[in-house]
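Quick mapping for you: the protein sequence lines, in order, are chains H and G. Going by our numbering, the first sequence opens with residue 2, and the numbers climb by one from there. Going by our numbering, the second sequence opens with residue 2, and the numbers climb by one from there.
Misleading hints may appear alongside valid ones.
Since the list gives no way to pick one copy over another, a pair counts as held whenever it fits inside one copy or between any two copies.
Listed next, the in silico PhoX-like pairs over lysine-lysine satisfying Cα-Cα at most 20 Å (straight line) [as the list claims (entries may be wrong)]:
id, residue 1, residue 2
1, K18, K35
2, K144, K18
3, K293, K161
4, K90, K28
5, K35, K143
6, K21, K123
7, K35, K75
8, K75, K261
9, K253, K61
10, K35, K144
11, K3, K268
12, K9, K261
13, K189, K293
14, K21, K90
15, K28, K144
The set of hints was computed from the structure by calculation and includes no laboratory data.
Number of protein chains: 2
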Amino acid sequence: MKLEQYGKRLSSPYLRKAMKIHSDVRKFMSDFLKNERDFVEIPPVIISAITDPLNHPTTKSQVQVYGYTYELTKSMIFHKQIAMHALDKIFSFSPNIRLEPTERKKTGRHLIEFTQIDVEQKNASREDVMNLAEDLVIYTIKKLLEKDSDILKSVGRDLKIPTKPFKRIAYAEALKNYGEDFETKLSKEAKEPFWLIDIEITEREFYDREDPTRPGILLDMDLIYPEGFGEASSGGEREYELDQIYKRIAKKGQTPEQFKWYIEFVKKFGLIPSAGFGIGIERFVRFVMGAKDVKDVTLFPKAPGEYYPI
Amino acid sequence: MKLEQYGKRLSSPYLRKAMKIHSDVRKFMSDFLKNERDFVEIPPVIISAITDPLNHPTTKSQVQVYGYTYELTKSMIFHKQIAMHALDKIFSFSPNIRLEPTERKKTGRHLIEFTQIDVEQKNASREDVMNLAEDLVIYTIKKLLEKDSDILKSVGRDLKIPTKPFKRIAYAEALKNYGEDFETKLSKEAKEPFWLIDIEITEREFYDREDPTRPGILLDMDLIYPEGFGEASSGGEREYELDQIYKRIAKKGQTPEQFKWYIEFVKKFGLIPSAGFGIGIERFVRFVMGAKDVKDVTLFPKAPGEYYPI
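Build out the structure end to end from the sequences listed, making use of the hints.
Here it is as structure tokens:
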């Protein structure tokens with residue numbers, strides 16, 4: 002993006018409105034988790050020897066630190082699991098760096114630098130955290146409608162409070178009825194946020210837990226926005242048994258050496274069963290504002306493949 | 002740090018208490034700025050073509066992004082100034098990466114990854130933001146004493162609400178009376194937080210504003226904790242005129258090319274006068290808990306010079 006564009010967009014009234022919504026989204030999500038549900042906010046991790054491998058291709062972003070190589074955080078999944086040794090219910094506003102393929106620069110949904118609110122709860126089931134996520138989304142939208150109705154009206158956005166429980170659609174069923182592109186089609190058709198559940202083991206990373214009663218099916222879920230806004234959130238129960246972790250890593254064609262310190266930690270201290278999810282803040286703001294592109298609601302946006310001077 | 006230590010410290014009751022204080026510090030600071038003073042929270046910037054050069058030596062932490070070199074944020078000073086084109090009162094919980102010299106690993110005050118709450122206000126004077134920072138600190142401590150008195154009692158911490166206005170000590174006076182090591186000595190002696198003001202131009206970066214009526218003296222300030230806890234915050238009015246920025250860069254022995262895109266932005270769009278400050282969250286938690294070392298109150302601490310597996 003050119004410096005000219007960057008400078009001019011800063012004084013646009015639309016961006017100013019989006020930033021107020023952004024600030025309030027952080028406020029209400031934090032208020033809900035802290036005041037209503039007793040979650041503890043932990044600081045984000047930016048550089049680490051371990052990070053989420055992600056299921057889709059991104060370029061590694063590495064940094065040299067006193068002669069050692071660290072990666073920039075793609076998600077805090079491993080740190081969330083490890084933090085369960087200290088705390089029962091946690092969340093973080095976690096900045097992620099994901100160097101997505103350049104062809105994703107015009108999807109309207111991809112930034113290489115964004116923040117997700119990353120939530121994890123000890124001994125929780127998938128049902129527990131789906132319930133929690135629904136309450137979090139409903140609380141936040143209700144509060145936004147109370148506080149920011151002027152802004153939403155001025156941008157012509159008729160935002161509705163979603164109905165609980167959100168609809169659940171099984172992955173296999175969605176694939177059968179809509180083909181490979183089911184997520185986009187279902188999102189366009191939908192009038193309310195909905196869940197995609199029971200995702201196939203080949204489609205996800207090793208840390209999403211396999212259903213012990215249905216091999217090959219994961220105890221995970223994606224939250225999808227209606228009106229074509231696409232994915233809101235990913236989450237699920239987590240693998241916590243070393244045998245299962247080894248099996249799942251092998252199944253992805255990965256090696257335990259790629260996750261050396263994580264594996265060492267599990268060997269020495271074990272993992273505690275947990276479930277959780279992450280909700281991208283910028284995409285949430287895009288949905289709330291009804292914006293065409295996530296870049297339009299972001300103060301300092303960085304799209305895949307481009308250079309930004311600021 | 003060894004994996005063994007890392008794992009064991011996670012289940013320590015002290016760390017759990019510190020994390021609850023940490024979470025509440027973020028909550029009350031955010032509540033104060035958003036609910037009481039109408040500030041807008043902006044997302045942090047993690048990678049950028051421009052970042053704070055800092056006045057003390059740190060190793061550059063760089064990352065390759067689609068063939069371009071970005072730096073990891075050392076502070077959001079330039080982005081805060083630029084954001085004044087969009088918003089009047091802003092703050093961010095901004096993670097900073099500062100690869101400090103290895104000899105700082107045992108100061109008890111240095112982490113290479115930490116978060117500061119970074120605040121900036123358009124057309125504000127130094128007095129305005131000192132007033133704001135005092136109110137922010139007092140509000141947060143008051144609320145912590147209400148909500149977390151059990152935790153503070155259990156760790157033997159007798160935390161007092163500071164008296165407003167905080168004492169002000171001029172840099173030249175401090176240097177004359179206490180010598181080079183004035184900050185440490187004054188901090189040990191003090192019973193309440195205090196300000197160091199009017200810092201000499203050679204001691205700070207170019208963006209802190211020179212007093213037009215007292216050449217060589219800056220309109221900036223440091224907030225210092227009592228009881229030997231050292232520096233809490235840095236801040237001041239900012240340079241916003243291009244001539245003055247050039248002059249100040251030259252005075253530091255730096256070149257405009259080092260800040261190319263920042264200078265280009267100022268040429269094209271100008272800067273708006275502003276003042277602000279940053280308060281390190283981990284150091285604030287250390288002060289609140291009365292902890293010996295900032296690492297003791299941090300979930301995933303990283304000290305200078307060391308390798309961390311997690």
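Query - Numbers of the earlier hints that this structure fails to satisfy, in rising order - result: 7
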